[in-house]
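**Q** So the chains spell out like this:
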Amino acid sequence: MHDSLATEPTPAVEEALGASRPAARASAPPLISARGLTKRFDDFTAVDGIDFEVAPGEAFGFLGPNGAGKTSTMRMIGCTSPVSDGELRILDMDPRRQGPQIRSRLGVVPQQDTLDNELTVRENLLIYGRYFGLPREECARRADELLDFVQLADRGKDLVEPLSGGMKRRLTIARSLINEPSLMLLDEPTTGLDPQARHLLWDRLYRLKQRGVTLVLTTHYMDEAEQLCDRLVVMDKAKIVAEGSPQQLIQRYSTREVAEFRFLPGVQETLDGKLDGLASRIEKLPDRVLLYADDGEEVVMAARERGIHPEAVLVRRSTLEDVFLRLTGRSLVD
Amino acid sequence: MSSFLDAREPAGIGRVPPLAPSWSTIGRVIEHRAMLYRRTFRASLFASFGVPLLFLTAMGLGLGGYVDQNPDPTLEGLTYLQFLAPGLLAATVMQAGSFEAAFPILGGLQWNKIFHAMFATPIRAADIAYGNIVWIALRLTLIATVFAIVIVGFGASRSPLLVLAIPVAVLTGLSFSTPLMAFTATQRTPDKFAAIFRFGITPLFLFSGTFYPIENLPEIVRPIAWVSPLWHGVDACRMLMLDTVGRDPLLFTIHIGVLVALAGTGAAFAARTFEARLVRG
Ligand SMILES: Nc1ncnc2c1ncn2[C@@H]1O[C@H](COP(=O)(O)OP(=O)(O)O)[C@@H](O)[C@H]1O
Ligand SMILES: [Mg+2]
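These protein sequences, in sequence, are chains A and B. Using the working numbering, you'd call the opening residue of the first sequence number 12 and step up by one each time. Using the working numbering, you'd call the opening residue of the second sequence number 12 and step up by one each time.
By construction, these hints were calculated from the structure, which means they are not laboratory data. Note that beta-carbon positions come from the ideal geometry of N, C-alpha and C, so glycine has one too. Take the hints with a grain of salt, since some may be wrong.
[To be verified] Pairs of lysine to aspartate or glutamate residues, derived as EDC-like cross-links and limited to a Cα-Cα distance of at most 16 Å, are as follows: (1) LYS248/A with ASP234/A; (2) LYS295/A with GLU271/A; (3) LYS124/B with GLU172/A; (4) LYS179/A with ASP165/A; (5) LYS250/A with ASP59/A; (6) LYS179/A with GLU129/A; (7) LYS124/B with ASP124/A; (8) LYS168/A with GLU129/A; (9) LYS124/B with GLU271/A.
[Unchecked claim] Some chain B residues judged to face chain A by a derived CB distance under 7 Å, without partners named: (10) HIS43; (11) LEU47; (12) ASN123; (13) LYS124; (14) MET129; (15) PHE130; (16) ARG135; (17) THR255.
[What the hints assert, rightly or not] Per label pair, the in silico range of CB-to-CB distance: (18) ASP234/A with SER33/B: 42 to 50 Å; (19) ASP62/A with SER33/B: 30 to 38 Å; (20) GLY340/A with THR197/B: 36 to 44 Å; (21) ASP205/A with PHE114/B: 30 to 38 Å; (22) ALA164/A with THR68/B: 28 to 36 Å; (23) ARG51/A with PHE57/B: 50 to 58 Å; (24) HIS210/A with ARG199/B: 53 to 61 Å.
Based on the sequences and whatever the hints tell you, model everything.
**A** The structure is reproduced here in structure tokens:
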């Protein structure tokens, strides 16, 4: 399992649009189904009547900015936070009455690490296995295998405290796998990590996905959502504002390409009207203008013809960031 | 060799495992605490001997040599050391029980959040509360037993009922641990602990008949002792070690009843505040 990390997770190919799940899975009963799911804290509504389903083997994402209600949703799915209103079924069980049974089949990676810093890396796995009632020898066997899987085998005897953020995250993922969960819940698995650590983590998660583990994850990184999710919902202000595969969402809410124009300070404000009609949609951000079109280069040429000369021009493909901007009028990451 | 991580069909809804009985889930919480304790066991055991040695030497022998010039007429040949030993036993276990219900519990809920990690598994909030209570009871049993051994070493017990004073001292400790633990689960910082120890635990330590009979206190202060769970614990331990239970069996029963009621009520509250806290996140 110590193969190189060169194998970058490849986002689902575009041709597979919408068909990223084998047909057999589509007909299987959902592992999670939510109808009008609501979470209130006193009179504040953190999750406001959302509907979604997660099929076996799927990698399903909640994409949204801070405060959108992602963690509140995940904690209801994880059966550690009671549902305020609406219907929620997990593994065909009722979280109100069967919390411990449901939890015995989940693998949870919480937003904040909950490792025991006073125990060693390996002991953290052993004791976690015991929480699920696994025999000690089985815990030991799985712990060693999981340490290999998350590339921490040489740190097994070390205390958790001095580990880097990325290593702690990998250990938390290993820990969440000790009970061989039917469903993994990952709340912002890579937030706060440097790019290298994030890629390493994505690689491990991608492997789990290939092995048929059902992943439910939250993120406010659009690249993470694009890399890992077969299907996702965009959450904003306690509500779901869109649902689909990353490609579907981009196709539905954005154009194929985007031309980004940056101007010298003050120039952007003097443009009024000059850009009109150049692209199918134009977004003016404080520091740049986004022109949405299927062919970005064409937009750039047309702009030059009109005598518009931006300081910098970038033509790129649309991303989920553009989808979010279109849906909410705001950027994902502030 | 096959791996449990090997490629497999996506797990469907599948079989529901039976819900494990509560005792086994409580046992897993205890196992975690024990795993942690292994690291500090030697130092902790050493300290358990140190405290009674110091106190019994300084107060029992040092102070006792002075006090014994005016012996208690109702108990033939009673030395101050013999009077003090049961009081210190109960009071020491009470202090340990209070400490254990404060910082380590706040740690698990707030600092390293390991109780939240447990709560994400089949373990229930009440299991976590009860598991910690049982763990504290085991810790206190060790402390009380070591204390009793030191007492025997000092020749400070007048009755083999000393053996029964061990569980009574543990019960005394728990009557503090469980209510305090219920309170700890409502806290996010240790700010209030200092006040609880300074204005709660320390005065009780001084005014609960540990060092002198409460009859020596001015009448207005005496009710402090009666409502103090520590006094009930101190007096019950003393009755056992001086072999005077027979003189007032009703009083002894009341002592035990008060301690059991407090510890039990505290445990029930702790289960609730743990649940509320773990659910809140
Ligand atoms: N335990 C809680 N008590 C009160 N408000 C909460 C609690 N947890 C979350 N919230 C509020 O609910 C909203 C959604 O939070 P959260 O679900 O954590 O969002 P996200 O994970 O998307 O950042 C936020 O405004 C947050 O302040
Ligand atoms: Mg969150």
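**Q** Each hint needs a verdict: does it hold in this structure or not?
**A** Do the hints match the structure? See the list:
no. : hint                               : result
1   : LYS248/A with ASP234/A             : 21 Å, violated
2   : LYS295/A with GLU271/A             : 10 Å, holds
3   : LYS124/B with GLU172/A             : 14 Å, holds
4   : LYS179/A with ASP165/A             : 14 Å, holds
5   : LYS250/A with ASP59/A              : 6 Å, holds
6   : LYS179/A with GLU129/A             : 13 Å, holds
7   : LYS124/B with ASP124/A             : 8 Å, holds
8   : LYS168/A with GLU129/A             : 12 Å, holds
9   : LYS124/B with GLU271/A             : 45 Å, violated
10  : HIS43                              : 5 Å, holds
11  : LEU47                              : 6 Å, holds
12  : ASN123                             : 5 Å, holds
13  : LYS124                             : 4 Å, holds
14  : MET129                             : 6 Å, holds
15  : PHE130                             : 6 Å, holds
16  : ARG135                             : 6 Å, holds
17  : THR255                             : 45 Å, violated
18  : ASP234/A with SER33/B: 42 to 50 Å  : 45 Å, holds
19  : ASP62/A with SER33/B: 30 to 38 Å   : 36 Å, holds
20  : GLY340/A with THR197/B: 36 to 44 Å : 41 Å, holds
21  : ASP205/A with PHE114/B: 30 to 38 Å : 34 Å, holds
22  : ALA164/A with THR68/B: 28 to 36 Å  : 52 Å, violated
23  : ARG51/A with PHE57/B: 50 to 58 Å   : 52 Å, holds
24  : HIS210/A with ARG199/B: 53 to 61 Å : 36 Å, violated
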